[in-house]
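Can you join these two chains into the complex? Each is in its own frame, and there are hints to help.
Note that the protein sequences, when read in sequence, are chains Z and S.
Just so we're aligned, residue 6 is where the first sequence starts under this note's numbering, counting upward by one.
Just so we're aligned, residue 18 is where the second sequence starts under this note's numbering, counting upward by one.
No lab work stands behind these hints, which were simulated from the structure alone.
A quick note: this is a predicted structure, and the numbers were derived from the prediction, not measured.
Glycine included, C-beta positions come from ideal geometry on N, C-alpha and C.
Check before you lean on any hint, since a few could be wrong.
Unchecked claim - Computed footprint of chain Z on chain S; a stretch qualifies when at least three of its residues, placed anywhere within it, have a C-beta under 8 Å from a C-beta of chain Z:
#, region
1, 56–65
2, 97–111
3, 128–136
4, 141–148
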Amino acid sequence: MLPKFLLPPIPKPPRILVIVTVIGTTFALLPPAIAARMRSENSREPRIHLIQDMDNQARWKAQQANSLFADGRAMRPNVEGTVARGELRTDDHLERGRVIKEGTEVWADTVPTGLEVSEAFVRRGQERFNIFCAPCHGWSGLGDGPIHRRAQSLVDGSPTLSQGTVWVQPKNLHEQIYIDQPIGQVYATITLGARSMAGYKAQIPVEDRWAIAAYVKALQASETVAETMIETVATPAEEN
Amino acid sequence: MGRYHYVFPKWSNLLLPGALFFGATFPLYAVFVVAFGFSPKTTDVGYMPEQPIPYSHALHAGELGIDCRYCHNTVEDAAHAAIPPTQTCMNCHAHIKKDSPLLEPLRESWESGQPVRWVRVHDLPDYSYFNHAAHVNRGVSCVSCHGRVDLMEEVWQEERLSMGWCLECHRNPEPHLRDPALVTNLAWKFDGEAEAEADYHERIRDQFAVNPSQDCSTCHR
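One chain only, chain S, in its complex shape (with noise of 0.2 Å):
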């Protein structure tokens, strides 16, 4: 030992080429955990909340056939697209399967009075003002935002629908465009040529003057 005591082992040679290493990859890792991380892909999309009755839109709406508008009524006319009141499940379940025991928050709420308290699955910035009514009725398909809601057994969000998502759409909203009597056709695809059905975008497009505006004040009202 003696005099040697002092001096640095051979291996802190390693600490000068690590320490670089590491301040190079770190700031690029940090990057990719916060991009990746934080996206909404990460934190919104998925989310497939437990529901107080296990309803299926791929029975009623997939395998049944039953239009999305049949229960969500106010789609066509209003901002808000309506969950259904326990009135409109009566309608069938007043008669069908009456006794499930899956049912039993449903015959609870038509006995009660008090609403079936629905888990809501996607859910915008309260100051973000969306409106169905003017997606819907220019040919902007429920498959657009809400995935083939058509084939889930328990619903979940599909799209980030976040700001950046939005705006991918009013940048470029044709490929998102069909006749408006197809809208809830989800399985619905455009049946021919890539330039036909650029064409048939087009047409759409002019016929219903869709012009989507990038204005902050289109949203955020």
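Excised from the complex, chain Z in its bound form (with noise of 0.2 Å):
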């Protein structure tokens, strides 16, 4: 049995002590209603961030800008005309691809002593293939690759699309002066870049620039290659 007090019918209370009741209850809703709202979208704003701790360090992290400088780099460039210790490439033949023969200088038609051509080597060639050249080249080295559909689009579409798109499609690499290109000439390009297409020295360390020339050469071969010598391998689907 409840006490007296709470029985109906409820005493009436002043009507100043109902509104600030009301009030109060709406204003503890906010709080979770921003919250809710905060959680379902996204925002502009920079996170909120009450408790500081040590979160944010007087230090600078990779690619991060430091005005201290003028250009706004935390990470400092090379010093023009220096070489910074260990980065010193004299091997011609690893770093251009070039050999000297009977006394001339000419493309390299084997890999660089130190690495050697394996299975691995052409695999991880094939991997950093379909990572860097495949997005022009097509998976296939036809010069079909899905940046080659898209700006050949855009060309073919309304000037306001296209944007200023100027489009020279990609080289097939199963073309003959491809296939005749010694695997050094072919590492130059990748190094260096041949006409519209960029260097990539930037972005794929050395070893895996000629990794890359030896699964193109083996891709190239794959085009050619006698009925007889196709053994059947396992795909990675089936070893699974």
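Right under this line is the structure:
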């Protein structure tokens, strides 16, 4: 049995008390409502960071801005005309794909000593090719990658859509002149670029560029290989 | 009036149960507001800063299928997954849409040599040392921490990136493991039954000796 004062009829409180209670309850609902909205929407505003701890310390991490330097970079570029220790690259075969043969400098037709053309090496080249080359040259090297198709559709579209796109189809790597190129020249093209293709030496380490060149040679050979040479190899899907 | 002036009115009987009700519910309310409102899900997740160029990952990584590592090319070798330099953008945009007004900051950077000032989306506290290479090379996909970036027009923070969240995976990494060849395939899902999936994750864990430490010094060095 409830105590008597809790039983109806409930005495009517003064109006001011009712108003204060209603307003107070409404305001109490605001913080959860704001939080619920913040959870459900993306926000341009900087993250709320009430307790700083030592989350942002007086030091710079990679690629941060630092107003101390005129160019605003915290990471300092090499001083022009200098070579960092261990960065001097003098091996022409490895770095430039060039070798001296009978007194003249020519394209290397082997991979540099120290790199071994194994299945793992070519597979690495395939993986790197698919990352860096396939967007333009296509996964099979026919010059029909998704970037080519996109750029071509922009050129074929209206000028408002193409916005100045100038496009030459990426080369088909199975053309005879590329099949005839020594591996050193393929390596040099990856490194420095050619015509409208940019060089990739900043994006791909030197060993990986050789691995890609080796894979390109394997890819080219795969187009002309005799049927009798084809072994049945389990595909990765079957291995799983 | 007279002596009744000093008698409490009848409604004052409401004050005691009212105060009891308030006293019982307010602590619950306060705990709820702090837990709900101050959680990183509220304060951090969904952060989507405006970038100098409205670069679309949905177009480049999703529709065109460019691998994450084409631009973030240090991710397998370094702790830091590099934001690409202007050169990487210009590999294509020296030819494609080179008059686009949206690419004006890119052309400006290309001509001046000043970097494009991209705004960082994912930022850990300075006392935690996350290593991208250690994770992606052992089969933790980008998607585990960054969400389906290949579907985002503009990138936002998808996960909490709090210590508790890191530890969830360090205590039980298996659901997040896959063949390292598949780490940048954000749409990948194991195709098969739950039991086979558990076996698969365990096999990857064994193969790459994934034994994440929960020591303080693992992340706080």
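Results of checking the hints against the structure:
no. : hint    : result
1   : 56–65   : holds (count 8)
2   : 97–111  : holds (count 10)
3   : 128–136 : holds (count 4)
4   : 141–148 : holds (count 3)
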